[in-house]
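J.: This is what each chain is made of:
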Amino acid sequence: MIPGLIRRAWLPLLVLGLLAAAPFIGFGAGHALTLLARAMIMALAAVSLWLLVGGAGLVSLGHAAMLGIGAYAVVALDAARITEAAVVVPVAMLAAAGFALLTGAVAIRTSGVHFIMITLAFGQMAFFTAGSLTIYGGDDGYTLYGRSLVAGQRWAEDRLGFHYLCLGLLVAALLGGRVLLASRFGRVLRAARENPERVRALGFSLYPYRLAAYAIAGALAGLAGVLLANAAEFVAPSFLAWQRSGDLLFMVILGGLGSLHGALLGAIAFVLLEEGLSHLTEHWRLIFGPLLVLSVLHLRGGLAGVPGQMAGLLRRAGRPPHA
Amino acid sequence: MPEPILDVEPILEVAGLRKRFGGLAVTDDVSFAVAPGGIHAIIGPNGAGKTTLIHQLSGSLRPDAGRIRFAGRDVTSLPPQRRARLGLARSFQITSVIPGFPVLENVALAVQGRSGGSFRFFRAAAGEARLNAVALAALDQVGLAGRAAALAGALSHGEKRQLELAMALAMQPKLLLLDEPLAGAGPEETTRLVALLSALKRHHTILLVEHDMQAVFALADRISVLVYGRIIATDAPDAIRADAAVRAAYLGEDAPEGEWPEGEWGA
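These protein sequence lines map, in sequence, to chains L and D.
Converting from the first sequence to the numbering used here requires adding 2 to each position, the first position being numbered 1.
Converting from the second sequence to the numbering used here requires adding 1154 to each position, the first position being numbered 1.
Hints in this document: simulated from the structure, not taken from any laboratory.
Here the structure is a predicted model, which means the values were calculated and not measured.
Cβ atoms here follow ideal geometry from the backbone N, Cα and C, with glycine treated the same way.
Heads up, some of the hints might be wrong.
Have a look at the derived ranges for each label pair, beta carbon to beta carbon [what the hints assert, rightly or not]:
id, chain 1, residue 1, chain 2, residue 2, range
1, L, 285, D, 1277, 47 to 53 Å
2, D, 1304, L, 315, 47 to 53 Å
3, D, 1163, L, 100, 25 to 31 Å
4, D, 1352, L, 104, 37 to 43 Å
5, L, 22, D, 1307, 56 to 62 Å
6, L, 88, D, 1284, 36 to 42 Å
7, D, 1390, L, 207, 35 to 41 Å
8, L, 235, D, 1303, 40 to 46 Å
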């Protein structure tokens, strides 16, 4: 079982191992940890989006709204001087899940391009609403008084503490997502992604399953929003911008829709690549764009499919010709 | 034509069903009843409205008028999933399975649909012995147990047909609605599927829509003939074979003797 797991998932395990070791292998400096924290938080958000896109086949272009609502829950509580994580986290997750339930109740009735457009529309509604919240700084955003307290302790202020908090939640989300997808509930979702008409003919109403999945993914993105607000100690409407929804969708596709850990690989690669290229040149998007296009064209199965492709190449290379 | 009253309560009863697309009456006052047990076949030349009728029976298309009663209740306005839960299992004209799932999991999903309680989030469904045992039994029934671990997408056409039957059986349905189960099957596969259907009809009620006349006359206990959206005859196979109106509809007035029922018509 354990060797099998390593063979199937060595790449995500390696990435998680590197993230765990990062502070001790030369990435312990402030800016490096800040970057890695952002990568892990985006990975958490990407995992939640993967559950929708890769799991349920619901391609949402409004996922940043869930993230932003989680972040704005931190702001609202911060303004009321409530910073205890035991309060902030559930409130943020429930707020994001509530928004997902309300908007999903309408959006889930559509599919395909209509679903993309309606989630985008709801996302933009949330974005403009955030910009109009003058008590929280409107378009200028809101600077937090400080990071959330964990059981009354300033634990999240500590760079290493925050690093491992993000990593721990990311690992928990990956494991939880796997369990969810393997469950009866997840099986219905996965089957409906492949062949909805068939699943209905077996007696399933898809709506409640998809709506529940939408709310679960929303809650998880809300958690990522809490972390993002804490990482930056600042929240702005740009957290909810549709470009960020697009980035998240791209991370999911870059990583691969074949398995959940694709979201991890896609997000880490996306954030690090963006950072690396922006140091090279200010026109980094001119390199970034074509790279993304090439990856979509040539990485079948995304980054998560790379080990399989490599193994295939090695097998072919190791075989004598004409055998 | 009024349907003769059956001596048993029918499992499926269709009365005065109508469906128009634009000016065309595709289903035109269709009435028939399916008694429990055995195979009731619906035949008809291409364009007779068989597919439209199937869609109305399964619930994916809403009729303009008329009633459909199934298992003692009016299901005319129920969506496909509700009809499925009442015990109406269907196979599709174009094979419809979950290609990315193993064969066993396709059938286990069908069992799961019947057993209820799919809002379970933690336990791994693939390891549920109760679901898998029923699924395996259904696979065994259609002779596909040996392929349980294969991916459904990797099956041959005939095997996919068998898998569809297993999924339908796993729902423990009151009525199997089979939409051209022999379509696209080679001669060998056809022989195997006909044998399978003939074994299934001993324990199940089947409404069979099929193009292959030889198979229909070999299998069916009753046959309804659909022509231009209307049922022109419902009777036992021998009576249908001798029915002048049916012969005329299929072959034209001057049809030579003894040519039917053989081969495929209307194809």
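J.: Each hint: holds or not?
T.: Against the structure, the hints come out as follows:
For residue 285 of chain L and residue 1277 of chain D, the Cβ-Cβ distance of about 52 Å falls inside the hinted range of 47 to 53 Å, so the restraint holds. Look at residue 1304 of chain D against residue 315 of chain L: about 26 Å separates their beta carbons, and that is not inside 47 to 53 Å. For residue 1163 of chain D and residue 100 of chain L, the Cβ-Cβ distance of about 49 Å falls outside the hinted range of 25 to 31 Å, so the restraint is violated. A hinted range of 37 to 43 Å for the beta carbons of residue 1352 of chain D and residue 104 of chain L is inconsistent with their spacing of about 54 Å.
At roughly 38 Å, the beta-carbon separation of residue 22 of chain L and residue 1307 of chain D lies outside the given 56 to 62 Å, and the hint is violated. For the pair residue 88 of chain L and residue 1284 of chain D, the beta carbons lie near 39 Å from each other, so the given range of 36 to 42 Å is met. Residue 1390 of chain D and residue 207 of chain L have their C-beta atoms about 39 Å apart, which keeps the hinted 35 to 41 Å range intact. Against the hinted window of 40 to 46 Å, the Cβ-Cβ separation of residue 235 of chain L and residue 1303 of chain D comes to about 52 Å, which falls outside the hint.
Hint compliance for this structure: hints 2, 3, 4, 5 and 8 are not met, and every other hint is.
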